[in-house]
Amino acid sequence: MGDSSGDRSSLSGAGLVPTFKSAVTRVQRAKLDGEMADLLKHPQGTSHDNLLQVESLNMQPEEKSEENSSCSGSRVCRKEKGHDSITEFSQPEKGARSEESLDKDLETSATSLQELQDLKLHHQSHQEEINHLCTELRDSKERIRELESILSTEGKKGENQAHEIPELESEMSNSSLIAVLTECQSKIEQLEEIKHSSLKFTVQLQAAQGLAASLQRRVLCLENERTLKQQQVLELTKELEAARRALQEKSAEVACLTAQLHVLQQLREKTRESGACSSDVLANGHTTVEQHRQPRQYSNDSKLHHHINDVVDLRPLQLRTFTLRLLPVR
Numbered sequence: 004m005g006d007s008s009g010d011r012s013s014l015s016g017a018g019l020v021p022t023f024k025s026a027v028t029r030v031q032r033a034k035l036d037g038e039m040a041d042l043l044k045h046p047q048g049t050s051h052d053n054l055l056q057v058e059s060l061n062m063q064p065e066e067k068s069e070e071n072s073s074c075s076g077s078r079v080c081r082k083e084k085g086h087d088s089i090t091e092f093s094q095p096e097k098g099a100r101s102e103e104s105l106d107k108d109l110e111t112s113a114t115s116l117q118e119l120q121d122l123k124l125h126h127q128s129h130q131e132e133i134n135h136l137c138t139e140l141r142d143s144k145e146r147i148r149e150l151e152s153i154l155s156t157e158g159k160k161g162e163n164q165a166h167e168i169p170e171l172e173s174e175m176s177n178s179s180l181i182a183v184l185t186e187c188q189s190k191i192e193q194l195e196e197i198k199h200s201s202l203k204f205t206v207q208l209q210a211a212q213g214l215a216a217s218l219q220r221r222v223l224c225l226e227n228e229r230t231l232k233q234q235q236v237l238e239l240t241k242e243l244e245a246a247r248r249a250l251q252e253k254s255a256e257v258a259c260l261t262a263q264l265h266v267l268q269q270l271r272e273k274t275r276e277s278g279a280c281s282s283d284v285l286a287n288g289h290t291t292v293e294q295h296r297q298p299r300q301y302s303n304d305s306k307l308h309h310h311i312n313d314v315v316d317l318r319p320l321q322l323r324t325f326t327l328r329l330l331p332v333r
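Numbering of the sequence shown is given in the numbering used here, commencing with residue 4 and proceeding in unit increments.
Since the hints were derived computationally from the structure, they do not count as laboratory data.
It is possible that part of the hints are untrue.
[Said to hold, decoys possible] Below are the SDA-like pairs computed for lysine to any residue, each with C-alpha atoms no more than 25 Å apart in a straight line: (1) K198 with R146; (2) K123 with T138; (3) K144 with K203; (4) K203 with L140; (5) K241 with T114; (6) K198 with E151; (7) K241 with L231; (8) K123 with E228; (9) K107 with A245; (10) K253 with L109; (11) K159 with C187; (12) K159 with Q188; (13) K123 with L225; (14) K144 with H199; (15) K253 with T111; (16) K159 with H199; (17) K253 with T240; (18) K203 with E151; (19) K123 with L237.
Given these sequences and hints, build the entire structure.
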């Protein structure tokens, strides 16, 4: 019986060595190290320069709006100083229409800027999530290294115990051999638990890798959307400048036409006075000629009035079309 128990113990001790050696292979460790190194790299498209560019773009429309408000105020002051008698008729309606159109343009530009700021905050939150995942991956890598060191120490202990078993067989009794085997069994159970935990960590690592890849794709999509929004803002600013130039040209034309109208009114008053004087002095035939000549001048004045009204009516129409063009594309 002693010989048979010794043979069984030697066989069980010899079978412990491959179980310790087959715990974690070198190929798996190299693969894990390579994947962790790829994940710890900084994702593309998250430099601080891009964020600074967004802030600079956000500041430009506000500065332009302040300059435009100051320019519009100075232009109204000039009109009020130069043409007191003319602004009593047409200035309130023009100012109200121009202020409404400018308020609409500023509201649309403010909404576009708010959308850009929301995109920036959304991008920052995604970047923080990516950094948090990177820290978790680093912690898991350190934990795996600790487990590998534990496995290596346990493997060395198992090898030492496997070498010591033949010596202990000759020295120890059957009771001592049973105690050693129970201790080895507990160590084997611990090793199996470590294997299961390492498998769980590998599964978690793969899930984290997939999540990091999806987040990186999302960041790229957000970067593309941000560039499109920047292009739209630039196009809208260009259109706004063109509309302002057209508005200035139309206002200059209206000022010239009002000046001509004022001159024609003065000429008409002079012709009326001269006609009244000539009717008192000359004969009836001459007065009828003057009366026939006056309706032609009145017809010319009425044509000029219609032309001025057409120019004034075109301005709110152009501003309405410009505001429709400035609406954001959803």
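For each hint, the structure was consulted:
1. Among the hinted pairs, K198 with R146 is consistent with the structure: their alpha-carbon atoms are about 13 Å apart, no more than 25 Å.
2. In summary, the hint linking K123 to T138 is supported, as the alpha carbons are separated by about 23 Å, within the 25 Å threshold.
3. For the given pair, K144 sits about 13 Å from K203 by alpha-carbon distance, which is consistent with the 25 Å threshold.
4. About 14 Å separates the Cα atoms of K203 and L140, which keeps this hinted pair within 25 Å; it holds.
5. Among the hinted pairs, K241 with T114 is consistent with the structure: their alpha-carbon atoms are about 17 Å apart, no more than 25 Å.
6. Under the criterion of a C-alpha separation no larger than 25 Å, the hint pairing K198 with E151 is consistent with the structure, at around 10 Å.
7. For the proposed pair K241 and L231, the alpha carbon gap of about 16 Å is at most 25 Å, so the pair holds.
8. At most 25 Å may separate the alpha-carbon atoms for a hinted pair to count; K123 and E228 meet this at roughly 11 Å.
9. Between K107 and A245 the CA atoms are separated by roughly 16 Å; this keeps the pair inside 25 Å, and the hint holds.
10. For a cut-off of 25 Å, the pair hint linking K253 to L109 stands: about 21 Å separates their Cα positions.
11. Proximity of K159 to C187 is assessed by CA-CA distance (about 13 Å); at most 25 Å being required, the pair is judged to hold.
12. Note on K159 and Q188: the hinted pairing holds, with a Cα-Cα distance of about 16 Å set against a maximum of 25 Å.
13. Proximity of K123 to L225 is assessed by CA-CA distance (about 9 Å); at most 25 Å being required, the pair is judged to hold.
14. At most 25 Å may separate the alpha-carbon atoms for a hinted pair to count; K144 and H199 meet this at roughly 16 Å.
15. Proposed proximity of K253 and T111 is supported: the alpha carbons are some 24 Å apart, at most 25 Å.
16. A distance of roughly 20 Å separates the Cα atoms of K159 and H199; the hinted pair therefore holds under the 25 Å criterion.
17. A threshold of 25 Å between alpha carbons decides the hint, and for K253 with T240 the separation of about 20 Å falls inside it, so the pair holds.
18. For the hint pairing K203 with E151, the CA-to-CA distance comes to about 14 Å; that is within 25 Å, so the pair holds.
19. About 18 Å separates the Cα atoms of K123 and L237, which keeps this hinted pair within 25 Å; it holds.
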